[in-house]
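Number of protein chains: 2
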Amino acid sequence: MQFSITILGCSSAIPTKDRFPTAQVVTYGNEHFLLDCAEGTQIQLRKYRFSFQRISRIFISHMHADHFLGLPGLLSTMDLLGRTTPLYIYAPNEVIRFIESFKQLVYANFKFPIEYRIIQEKYEGLIWENEQLEIITFPVKHAVPCHGFLFKEKLQSRRMKKNAITDYLLSIEQIKLAKEGQDIELENGKILPNSSLTHAAPHPRSYAFVTDTAYYPEIINYIKGVDLLYHEATFESGLEARARQTFHSTAAQAGKIASLANVKKLLIGHYSVRYEDLDILLREAESVFDPTELALEGKKITLEYESRTEIA
Amino acid sequence: MQFSITILGCSSAIPTKDRFPTAQVVTYGNEHFLLDCAEGTQIQLRKYRFSFQRISRIFISHMHADHFLGLPGLLSTMDLLGRTTPLYIYAPNEVIRFIESFKQLVYANFKFPIEYRIIQEKYEGLIWENEQLEIITFPVKHAVPCHGFLFKEKLQSRRMKKNAITDYLLSIEQIKLAKEGQDIELENGKILPNSSLTHAAPHPRSYAFVTDTAYYPEIINYIKGVDLLYHEATFESGLEARARQTFHSTAAQAGKIASLANVKKLLIGHYSVRYEDLDILLREAESVFDPTELALEGKKITLEYESRTEIA
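From first to last, the protein sequence lines are chains B and G.
Position 197, counted from 1, in the first sequence is what the working numbering calls 251; the numbers after and before it change by one each time, with no gaps.
Position 228, counted from 1, in the second sequence is what the working numbering calls 282; the numbers after and before it change by one each time, with no gaps.
Bear in mind the hints are in silico, worked out from the structure with no lab data behind them.
Treat the hints with care, since some could be wrong.
Treat identical chains as interchangeable: a pair holds within one or across any two.
[Unchecked claim] Here are the simulated PhoX-like cross-link-like pairs (lysine-lysine), alpha carbons at most 25 Å apart as the crow flies:
no.: 1; residue 1: Lys195; residue 2: Lys157
no.: 2; residue 1: Lys71; residue 2: Lys354
no.: 3; residue 1: Lys101; residue 2: Lys195
no.: 4; residue 1: Lys278; residue 2: Lys353
no.: 5; residue 1: Lys354; residue 2: Lys195
no.: 6; residue 1: Lys319; residue 2: Lys206
no.: 7; residue 1: Lys310; residue 2: Lys176
no.: 8; residue 1: Lys176; residue 2: Lys165
On a predicted model such as this, the values are computed, not experimentally measured, just so you know.
Can you make the complete structure from the sequences, with help from the hints?
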């Protein structure tokens with residue numbers, strides 16, 4: 055199952071000539087989830103060739119202009135392209151007023167339903183799941199109510215080893231028990247230890263998206279051990295006071311959170327317009343946590359399954 | 055005085071990977087005028103290195119999403135960049151509701167005033183002028199109230215020929231009269247014909263912006279003889295029925311208008327997303343009117359003074 059993250063925008067509030075404000079696509083299997091939807095998101099989706107119709111759910115971290123202004127344009131284009139399937143929007147309450155008043159203004163009569171899923175201030179918990187994946191939200195610390203999102207695969211049942219079924223002519227009931235980890239007793243009384251029949255499912259992969267936030271270790275509980283953490287890094291440490299004042303983080307603080315949460319990899323973004331060259335932010339984060347990568351327009355990171363050592 | 059037009063976006067409603075929806079900058083001297091403000095306009099302004107603070111006036115042709123959705127982002131960024139000078143917005147009435155409800159939503163308290171200049175349906179006439187330039191609006195034919203804009207230099211007074219003042223030691227009053235085109239009588243009774251003292255000011259330059267509109271020859275009265283006409287050309291002639299139904303024009307119709315109005319050059323744009331290659335539209339317009347150019351992202355057209363033959 056493909057599990058990847060593509061950066062559509064990595065700038066903070068003011069865009070630059072090569073950095074759009076925040077938007078990302080999380081692709082899981084055939085489905086695209088959109089994380090924030092800044093102005094220009096639909097243009098970036100076209101540029102990086104994402105199907106608009108495969109976007110089922112949009113998650114808005116908070117109601118600052120550089121995180122949601124792409125919604126009316128994207129929705130209008132989805133309608134022009136003939137969408138009829140529902141679009142789910144997870145966001146603070148104000149999103150309803152914003153979209154519905156836009157629709158009124160232009161007399162829009164979209165042919166697809168918009169299903170609002172309002173995230174209340176301070177809400178934490180599961181907001182969506184299917185058989186493979188769950189999405190959890192948690193509050194972060196910003197000037198207005200703001201949430202992070204965790205995409206986490208579920209642990210799948212154990213997988214049958216090659217030939218195990220045909221070697222022992224296992225029944226459907228026996229296969230079910232084996233996948234649950236049980237040993238199987240054959241009709242002749244022989245016990246097959248589970249380890250001879252199955253191996254563990256791959257380790258569940260996970261991605262956490264954290265923007266915009268001041269340094270806030272309370273989130274560690276949610277993001278502990280994730281394969282990839284996106285954490286905003288608007289400023290360098292020399293501007294820590296400015297970061298505190300604007301409820302943003304420095305690159306070193308992003309590294310600190312990644313380190314405390316023991317994540318596998320850190321991805322930083324939401325850069326202040328003052329940084330034409332992003333090396334200073336990368337080096338600063340790396341000095342606290344390694345490996346760190348820069349979020350850059352069009353960058354795609356695929357989460358691979360970890361190879362797992364099976365204890366026989 | 056510089057008089058130029060820069061294309062920021064030339065797509066119709068659905069953007070493509072290299073075409074943003076409609077926005078243009080008209081630069082006259084030190085001032086920038088923005089024509090329409092689609093989603094992504096602020097990003098394009100950054101890319102093509104326009105100073106946001108030199109944009110004094112924004113003109114919105116009509117309230118379809120692909121012509122105004124860039125306003126909240128642009129205004130927010132102007133505020134973040136410290137703007138304090140007024141911004142004038144010429145647009146249909148709904149623009150007030152759109153911007154003010156956005157400001158409420160994000161608790162924006164812009165440090166610069168927004169001065170709305172509402173263009174009523176069917177209004178035609180002067181909407182702004184200074185000593186050199188006037189801007190005139192006129193209705194076009196679209197599904198909702200929609201206006202074109204004409205930027206027209208004023209005829210300047212005649213210019214003194216080199217050495218005319220010192221050769222005859224003209225007084226300030228005499229210079230004034232000469233610039234008005236009068237002959238000058240010297241104290242010794244000698245009459246200096248005006249043509250020996252002055253030459254005509256350069257021919258006033260003009261630019262007309264016409265989007266979105268069905269074929270509508272009623273506009274010719276306004277755009278007659280302009281140096282450059284931007285006219286939408288959403289479709290090719292084979293889709294004329296579709297153009298009529300959606301109140302858009304074909305490339306041939308744009309050429310026809312340019313020809314009837316006897317303009318000096320035609321610039322087409324607002325291309326349907328179906329045209330990856332724009333040659334078909336260019337060739338079609340050119341078959342009716344020459345010279346025609348394609349509007350393309352980042353293209354800048356400078357209007358030069360015509361050399362004028364003076365009849366002595």
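Hint-by-hint comparison with the structure:
no., hint, result
1, Lys195 x Lys157, "between (31 Å within a copy, 22 Å between copies)"
2, Lys71 x Lys354, "both (20 Å within a copy, 17 Å between copies)"
3, Lys101 x Lys195, "neither (33 Å within a copy, 32 Å between copies)"
4, Lys278 x Lys353, "within (24 Å within a copy, 50 Å between copies)"
5, Lys354 x Lys195, "neither (27 Å within a copy, 45 Å between copies)"
6, Lys319 x Lys206, "within (15 Å within a copy, 58 Å between copies)"
7, Lys310 x Lys176, "within (23 Å within a copy, 61 Å between copies)"
8, Lys176 x Lys165, "neither (33 Å within a copy, 31 Å between copies)"
Taken one by one, the earlier hints fail for this structure at numbers 3, 5 and 8, listed in ascending order.
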